[in-house]
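Peer 1: Sequence lines, in order, name chains Y and W. One point on numbering: in full-length UniProt numbering, the residue at position 438 of the first sequence is 438, and numbering is uninterrupted. One point on numbering: in full-length UniProt numbering, the residue at position 66 of the second sequence is 66, and numbering is uninterrupted.
Just so you know, the hints here were simulated from the structure itself, not pulled from any lab data. Careful: at least some of the hints might be erroneous.
Claimed, not checked - Calculated cross-link-like contacts (lysine-lysine; reagent style DSS-like; alpha-carbon spacing at most 25 Å):
no., chain 1, residue 1, chain 2, residue 2
1, W, Lys-67, Y, Lys-59
2, Y, Lys-305, Y, Lys-230
3, W, Lys-232, Y, Lys-472
4, W, Lys-8, Y, Lys-94
5, Y, Lys-207, Y, Lys-182
6, Y, Lys-207, Y, Lys-592
7, Y, Lys-201, Y, Lys-180
8, Y, Lys-317, Y, Lys-161
9, Y, Lys-592, Y, Lys-230
10, Y, Lys-154, Y, Lys-31
11, W, Lys-131, Y, Lys-59
12, Y, Lys-59, W, Lys-232
13, Y, Lys-31, Y, Lys-86
14, Y, Lys-131, W, Lys-126
15, W, Lys-80, Y, Lys-472
16, Y, Lys-209, Y, Lys-112
17, Y, Lys-300, Y, Lys-352
18, W, Lys-8, W, Lys-78
19, W, Lys-8, W, Lys-232
20, W, Lys-67, Y, Lys-94
21, Y, Lys-156, Y, Lys-207
22, Y, Lys-184, Y, Lys-318
23, W, Lys-129, Y, Lys-86
24, W, Lys-8, Y, Lys-59
25, Y, Lys-145, Y, Lys-94
26, W, Lys-100, W, Lys-131
27, Y, Lys-161, Y, Lys-472
28, Y, Lys-317, Y, Lys-154
29, Y, Lys-94, W, Lys-80
30, Y, Lys-59, W, Lys-55
31, W, Lys-67, W, Lys-126
32, Y, Lys-180, Y, Lys-230
33, Y, Lys-131, Y, Lys-182
34, Y, Lys-31, Y, Lys-59
Unchecked claim - Anything over 10 Å on all C-beta distances counts as not near chain W; from chain Y, calculated:
no., residue
35, Arg-28
36, Leu-113
37, Glu-119
38, Lys-209
39, Met-210
40, Leu-298
Just so it is clear, CB atoms sit at the ideal spot from N, CA and C, and this is done for glycine as well.
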Amino acid sequence: MQSYRLLILPFLILAVSFTILYPNFADRTLKIVVREDVYALPEADQKTLVNALFERWAKDYGKGSGWTIEPQGILPPKENPYYTVKGRFITSAKINQISQENQSFVSESKNKLEPTWIEETIRGGKSLSIKLGLDLQGGMRVVLKGDFDDYTSKLKDLYAKELNELKLTLNNPASKVEDKEKAKSRLAEIESSFDLSPMRKIVELEKAKMIIDNRLTTQNLTEPQVRIQKEQDAIEVSLPGVSNSAAILEILQNTETVEYRLEEPTPFVFKGQIADSERRMMDLGKRENTDIYLFQELVKNKAGKKAQDEFLENLEKKYNIPPDFKIYAMWARGNSAKSNLLPRSFVVLERKIALSGNDMTNAQPSYNSNSYGWMVSFTLTPNGAEKFFDLTSENRGRNLAIVWGDKVISNPVINDPIAGGRAEISGSFSEQEAIRLANVISEGALPIPLSVLEMRFIGPTLGIESIEVGLKAVAIGFFLVMAYMIFYYRLGGFIADLSLLVNIIILAALLTLMDFTLTLPGIAGIILTAGMAVDANVIIYERIREEIEEGRALSIAVTRGFENAFWTIMDANVTTLIAGILMIRLGNGPIKGFAITLCWGIVTTLFTSLFLSRLFMELAVNRIGIHHLNLRPFFFGKKETTHA
Amino acid sequence: MHNINFTKYKYFTLSFSFLAIVFGFVVTFAKYGGFAHSLDFNGGLRTVVELPADKTRSDLDGYFQSKNIEAVVILLEKEKNIYQLDIGLGSLDTIESLYKEIPEANRESSTSAIDRFVQLLRYEYKLPKEKVLSADQVGAVVGGELTEVGITLLLTTLAIILLYLSIRSQFKFALASSIALVHDILMTLALIGFLQIKPSVPIIAALLTLLGYSINDKIVVFDRIRENAHGKDNLALSNIINVSITQTLGRTINTSFTTMISVVAIIVGGAVELYDFAFVLLFGVIVGTYSSIYIAAPISEIYDQLRKKRFA
């Protein structure tokens, strides 16, 4: 090796590692945001809320924790509605706990741990602190099951028109044999798509997982984890520290979609019927008996989606709406911009989805100064643009409704074919609604509705006491091992200890960079890494000593010792690495956490024991001019060193 | 250096290991009907309670032991004396009968096992309702799936190690290492079953760690054997094995010793919930070291002899 300029490398790597690890130890700033509606409360209620927070604060996060909170004991001003918490080691569990315990006061989703300058510079503000798994800090686990029945019924809507046409062709004695054959095979093809193979289910679950991932990141929740449970067709979401959060569940399960559907052709026969009978009721002075009024009441009473669906289905029966069409409510705001979004009238749309949310991307909310309202503009995918152009050229003069969730939010007439792949939706949106709609379009809707299969609070595998005692024990163990190495191998032991420390620091930095979540098995992996790193050095020193015993000059003995040990260390580590990679690929949960630390641990061990230790050792022998290298334990060591 | 004759006792050590494994598994299944039940693998009941300040963990442990209820007690928050109690499914019948012993006046009608357990606990510790912070019937964190994945994992790992070592060194060493690895896992499982240690996530971590340690240990010894055997095909392998093991003995002792220091620190340190983890790991390190010397090396020798006989 001989080139001591290489010495700069370990220093460089250490500097980088410490920089990466810095946010873990740094003084952090946390912003706890007060809910907007708190400011509208009477003063006495505000005071109760503030007192509740600070009583709890005094009990748990007070002096001992080293955290300070500003402003103390009063409500922050409305223009800066947050408390600033400063301190070290603010964990995600604690952040979530604070907001959980003060749900009516703290706006959980807006709490923010301010990024340190390092996170700002290298990660664009993304966190660089080591994350702890549910087994170490506890939290909430939700298992969401995919509702594939609902999924197929939606698919059936998509193909409704085509299916009908195909059936007509088949049943029509006048159609040609050739066409019948074609229709038959197409029918089989479509129907087979309603049949969900396990593989298809996984694909849909993967899509849902991605969307949930996106939604959780925008929620600013600390360290959520999402994984698919294949056996159950379910998605498991782990939220450390969170013990009960209805709001998050709602966000996770939200299956809102955006789609275009054509309205029934003019003259609006069905819509006319409904409007006529509604008008008759009004004329009789029975406004509260009109269907739209009843429907509004359902919405106001929060009767839920199921009740609304049933209501609309009954309406379809009442007016004999053919199966190709479906009744929707057109939602709008009242006269003032502040009034609620409510169903205002009924429209009858084709059951067939003309353009689905999958055809749209990149939505942006923007303020329309002409109409003093918010709108959403978006791009169509190439495929979607083509569909949209065909749709608008074939259906000029018809109305094309935009359905968000199950609400019709806009129902414009198609005047001209629209080409170019850009479009916008203008409705009477508030800013929040425009943002939500844009999110639904950009992130996509959940492909499958999800229902809660299991929701539970997970206690940590270890109690606080065990973690404290365990850490102390590991630290003592580490110290003893290091002391033993110095006792046994003297200078060699010191070098081994040095490279062991560097090893652990690099490993921690690597794991941080990869957003690894530390679990108990992960810690086991780190302990094994330390053991193997010590072993590598032991192998090397035993080899060097053999060389010295055979009477070789010190510098040659060192070089040969490293060379002889090289393949043994390689073989041992590569085999373990293979086992580790297999564990990552096949295992999950505890096995994976262990394997990831192990694999990266092997990489760092190979670097520190084969490169760093050697560099240090050669430096000591060849540069600093150590002439005696005694690799025998103190007190027991025979004098057996050779002069260089 | 004076050589120690390690291979002399090979038939004794091989049969000893074999019998120990068989014995462990027979006791596990015949006496206990299998491995111990645990919350992580089988699910069970989980309550979090805030106990009066004068109650300690040993009170709880004592209570559950005296009533013959399988429970894991975890201290969640020291200052407030909050404990998490995990009850295995095996104790449901016991809880049922204890529940019936509660005087009628203190008993509310209940429908679920978890409800009965909470009432029992509240009665026993005079707890007001709000001190029971949570109570859930929980499913297994790991379980059936893991056993399946675990076996696939072990077999594939062994196959690949076999392949890698066959290419890097010789088939006999690869084969012997793999058999010794299986030996280590089986020995440890036999111990876990024999002592009815509750399988849990930390225990899995311990098993994986010992697998890693054991692979490492075997390869170091075999590398030396291979090196010493290089170009000496005619020499009896047993002699080479003995020389090699003796040469690496210093390293073996040092590595086992340093590893054991950390593990023993955890056991002595007194982290109650880590005790099983550390104990299994300690056993694993000993077994791993033992099998490198007394199982893997002799097997390679026996294989060598058999092969030489066949081609002689």
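Peer 1: Please go over all the hints and tell whether each is borne out by the structure.
Peer 2: Each hint, compared with the structure:
Restraint check: the Cα-Cα separation between W/Lys-67 and Y/Lys-59 comes to about 36 Å, which exceeds 25 Å; the hinted pair is violated. With a C-alpha separation of about 28 Å, the suggested pair Y/Lys-305 and Y/Lys-230 falls outside the 25 Å cut-off, and the hint is violated. For the hint pairing W/Lys-232 with Y/Lys-472, the CA-to-CA distance comes to about 50 Å; that exceeds 25 Å, so the pair is violated. For the hint linking W/Lys-8 to Y/Lys-94, the alpha-carbon distance of about 60 Å lies beyond 25 Å, and the restraint is violated.
The hinted pair formed by Y/Lys-207 and Y/Lys-182 fails the criterion: a straight-line CA distance of about 32 Å is larger than 25 Å. Distance hint between Y/Lys-207 and Y/Lys-592 is fulfilled; the C-alpha atoms sit about 22 Å from each other, no more than 25 Å. For the suggested pair Y/Lys-201 and Y/Lys-180, the alpha carbons sit about 32 Å apart, so the restraint of at most 25 Å is broken. Proposed proximity of Y/Lys-317 and Y/Lys-161 is supported: the alpha carbons are some 20 Å apart, at most 25 Å.
The suggested pairing of Y/Lys-592 with Y/Lys-230 holds, with an alpha-carbon distance near 16 Å, which does not exceed 25 Å. Restraint check for Y/Lys-154 and Y/Lys-31: the C-alpha separation of about 43 Å exceeds 25 Å, so the hint is violated. At roughly 17 Å between alpha-carbon atoms, W/Lys-131 and Y/Lys-59 fall within 25 Å of each other, so this suggested pair holds. Only pairs whose Cα atoms come within 25 Å are accepted, and Y/Lys-59 paired with W/Lys-232 is rejected, the gap being roughly 74 Å.
Between Y/Lys-31 and Y/Lys-86 the CA atoms are separated by roughly 9 Å; this keeps the pair inside 25 Å, and the hint holds. Under the criterion of a C-alpha separation no larger than 25 Å, the hint pairing Y/Lys-131 with W/Lys-126 is inconsistent with the structure, at around 38 Å. Between W/Lys-80 and Y/Lys-472, the direct Cα distance comes to roughly 22 Å. Compliance with the 25 Å bound is thereby established for this hinted pair. Proposed proximity of Y/Lys-209 and Y/Lys-112 is supported: the alpha carbons are some 24 Å apart, at most 25 Å.
Under the criterion of a C-alpha separation no larger than 25 Å, the hint pairing Y/Lys-300 with Y/Lys-352 is inconsistent with the structure, at around 29 Å. The suggested pairing of W/Lys-8 with W/Lys-78 is violated, with an alpha-carbon distance near 55 Å, which exceeds 25 Å. Distance check on the hinted pair: W/Lys-8 and W/Lys-232 sit about 21 Å apart at the alpha-carbon level, within 25 Å; holds. Between the alpha carbons of W/Lys-67 and Y/Lys-94 the distance comes to roughly 36 Å, so the proposed pair goes past 25 Å and is violated.
Taken as a hint, the Y/Lys-156 and Y/Lys-207 pair is honoured in the structure, with Cα atoms around 20 Å apart against an allowance of 25 Å. Restraint check: the Cα-Cα separation between Y/Lys-184 and Y/Lys-318 comes to about 34 Å, which exceeds 25 Å; the hinted pair is violated. For a cut-off of 25 Å, the pair hint linking W/Lys-129 to Y/Lys-86 is broken: about 36 Å separates their Cα positions. At most 25 Å may separate the alpha-carbon atoms for a hinted pair to count; W/Lys-8 and Y/Lys-59 exceed this at roughly 67 Å.
A hinted pair counts as satisfied when its Cα atoms are at most 25 Å apart, and Y/Lys-145 with Y/Lys-94 does not qualify at roughly 29 Å. Between W/Lys-100 and W/Lys-131 the alpha-carbon distance is near 22 Å, which keeps this suggested pair within the 25 Å criterion. Among the hinted pairs, Y/Lys-161 with Y/Lys-472 is inconsistent with the structure: their alpha-carbon atoms are about 69 Å apart, more than 25 Å. For the hint linking Y/Lys-317 to Y/Lys-154, the alpha-carbon distance of about 20 Å falls within 25 Å, and the restraint holds.
The hinted pair formed by Y/Lys-94 and W/Lys-80 meets the criterion: a straight-line CA distance of about 16 Å does not exceed 25 Å. The straight-line distance between the Cα atoms of Y/Lys-59 and W/Lys-55 is roughly 21 Å, inside the 25 Å bound, and the hint therefore holds. Taken as a hint, the W/Lys-67 and W/Lys-126 pair is honoured in the structure, with Cα atoms around 17 Å apart against an allowance of 25 Å. With a C-alpha separation of about 40 Å, the suggested pair Y/Lys-180 and Y/Lys-230 falls outside the 25 Å cut-off, and the hint is violated.
A hinted pair counts as satisfied when its Cα atoms are at most 25 Å apart, and Y/Lys-131 with Y/Lys-182 does not qualify at roughly 57 Å. For the proposed pair Y/Lys-31 and Y/Lys-59, the alpha carbon gap of about 20 Å is at most 25 Å, so the pair holds. At the 10 Å boundary, the C-beta of Y/Arg-28 stays outside the reach of chain W, the nearest C-beta of that chain being 22 Å off. With 10 Å as the threshold on Cβ separation, the claim that Y/Leu-113 sits away from chain W holds: the shortest Cβ distance comes to roughly 23 Å.
No beta-carbon of chain W is positioned within 10 Å of the beta-carbon of Y/Glu-119; the least distance is around 30 Å. The claim that Y/Lys-209 is not at the interface with chain W holds, since no C-beta of that chain comes within 10 Å of its own (minimum 18 Å). Distance check for Y/Met-210 against chain W: the nearest CB is about 23 Å away, which clears 10 Å, and the non-interface claim stands. For Y/Leu-298, the requirement that its beta carbon stay farther than 10 Å from each beta carbon of chain W is met, with the minimum near 33 Å.
Checked against the numbered hints given earlier, this structure breaks hints 1, 2, 3, 4, 5, 7, 10, 12, 14, 17, 18, 20, 22, 23, 24, 25, 27, 32 and 33; the rest are met.
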